[in-house]
Amino acid sequence: MSTTQTAGSLVSKLPQRLRNFFARYPPQIYSAAVAPRPEPTEEANTEPLPSPYTPNRDAKGHKRPDPAEFSPSRALLYSNPDHPNPFLPRKNFRTGKWISPRYGLRTQAALVNLAKKYNVEALLPPGRKSTDFKETRREERGLQIKGTGIGQKVKGHKWERTMESRLEERRKAMMEMPEMIRLWKQRGHGRGWKQWPKR
Amino acid sequence: MAKKAKSRTVVVRLISMAMTGFYRTMIRPRTHRPLSMLKYDPVVKKKVLFLEATKGGRAK
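Here the protein sequences come in this chain order: A and B.
Under the working numbering, the first sequence has 122 at position 122, and the numbering climbs by one with no breaks.
Under the working numbering, the second sequence has 1 at position 1, and the numbering climbs by one with no breaks.
Just chain A, with the same shape it has in the complex (with noise of 0.2 Å):
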């Protein structure tokens, strides 16, 4: 009884907009935190590309995500068919027709922000303008630049991609140095050599 009561003085400490939201949408059944949360189905694809510090052309470094793909941030978007998110588009199936969400996303962002104040965050349904969903696909995605995320990587000069292979031969180039200049001596310094560099 008591809890219920604290509970109750406690929602009236919210602000009408939030009070409004959670009468239309009770957290019990809308709210992210009962939300099931799906595991991959297959295993996500984890293994590691290839270096692109190679002379290898195919090492790209990056991948276009596909859409269709499991993404642990997509995920988190959860619509119960009986009790339709208002936070998320949902498809009519029978007319193939999407329906825009019941709050648009300049709407959700300021319930959003709202809900953080007061710390009921997690009573809100689950979506885009949501931390988690944010943590998770930045996560995903690295901070927006190319090769950042997780599995991917930068890129880089052509100088760098190259600077292993280049110091590599060099390396062994120097090796081979003083027993070349023994055989050049050898040979007349150059009369005999046959192995001339092409430019």
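Hints listed in this document are in silico derivations from the structure and should not be mistaken for laboratory results.
Please note that the accuracy of each hint is not assured.
Listed next, with one range per pair, are the computed distances between beta-carbon atoms [claimed, not checked]: (1) B/Arg24 to A/Glu140: 50 to 56 Å; (2) A/Gln186 to B/Ser7: 32 to 38 Å; (3) B/Arg28 to A/Lys172: 15 to 21 Å; (4) A/Pro178 to B/His32: 23 to 29 Å; (5) B/Pro29 to A/Lys172: 50 to 56 Å; (6) B/Lys39 to A/Arg191: 35 to 41 Å; (7) A/Glu176 to B/Tyr40: 33 to 39 Å; (8) A/Glu160 to B/Lys39: 28 to 34 Å; (9) A/Gly151 to B/Tyr40: 42 to 48 Å; (10) B/Arg8 to A/Trp159: 36 to 42 Å; (11) B/Lys46 to A/Glu140: 23 to 29 Å; (12) B/Lys55 to A/Arg187: 21 to 27 Å; (13) B/Lys39 to A/Glu179: 17 to 23 Å.
Bear in mind that the values here come from a model prediction, so they are computed numbers and not experimental data.
The beta-carbon is built from N, C-alpha and C at its ideal position, and this holds for glycine as well.
Given the coordinates of chain A, assemble chain B onto it according to the supplied hints.
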């Protein structure tokens, strides 16, 4: 029209055998044998062998 006479000397490129990409440009008589010498390569900071690079991969 008569063809222009070839010059007596040619400009050649001596490439560092340290594979640093460093080279020196020199002038030698056209009929002389290809140049090769020990010279300082500032990339590896050592005296290394420099060999004349043949244009079009044709050695003299």
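Evaluated hints:
1. B/Arg24 to A/Glu140: 50 to 56 Å: With a Cβ separation near 53 Å, B/Arg24 and A/Glu140 satisfy 50 to 56 Å, so the hint holds.
2. A/Gln186 to B/Ser7: 32 to 38 Å: Holds: the Cβ-Cβ distance is about 34 Å, inside 32 to 38 Å.
3. B/Arg28 to A/Lys172: 15 to 21 Å: 29 Å, violated
4. A/Pro178 to B/His32: 23 to 29 Å: With Cβ atoms ~27 Å apart, the hint holds.
5. B/Pro29 to A/Lys172: 50 to 56 Å: 34 Å, violated
6. B/Lys39 to A/Arg191: 35 to 41 Å: The hinted range 35 to 41 Å is violated for B/Lys39 and A/Arg191, with Cβ atoms some 18 Å apart.
7. A/Glu176 to B/Tyr40: 33 to 39 Å: 18 Å, violated
8. A/Glu160 to B/Lys39: 28 to 34 Å: Since A/Glu160 and B/Lys39 have Cβ atoms about 29 Å apart, the given range 28 to 34 Å holds.
9. A/Gly151 to B/Tyr40: 42 to 48 Å: Hint holds: Cβ distance 46 Å, inside 42 to 48 Å.
10. B/Arg8 to A/Trp159: 36 to 42 Å: 40 Å, holds
11. B/Lys46 to A/Glu140: 23 to 29 Å: 49 Å, violated
12. B/Lys55 to A/Arg187: 21 to 27 Å: 22 Å, holds
13. B/Lys39 to A/Glu179: 17 to 23 Å: 18 Å, holds
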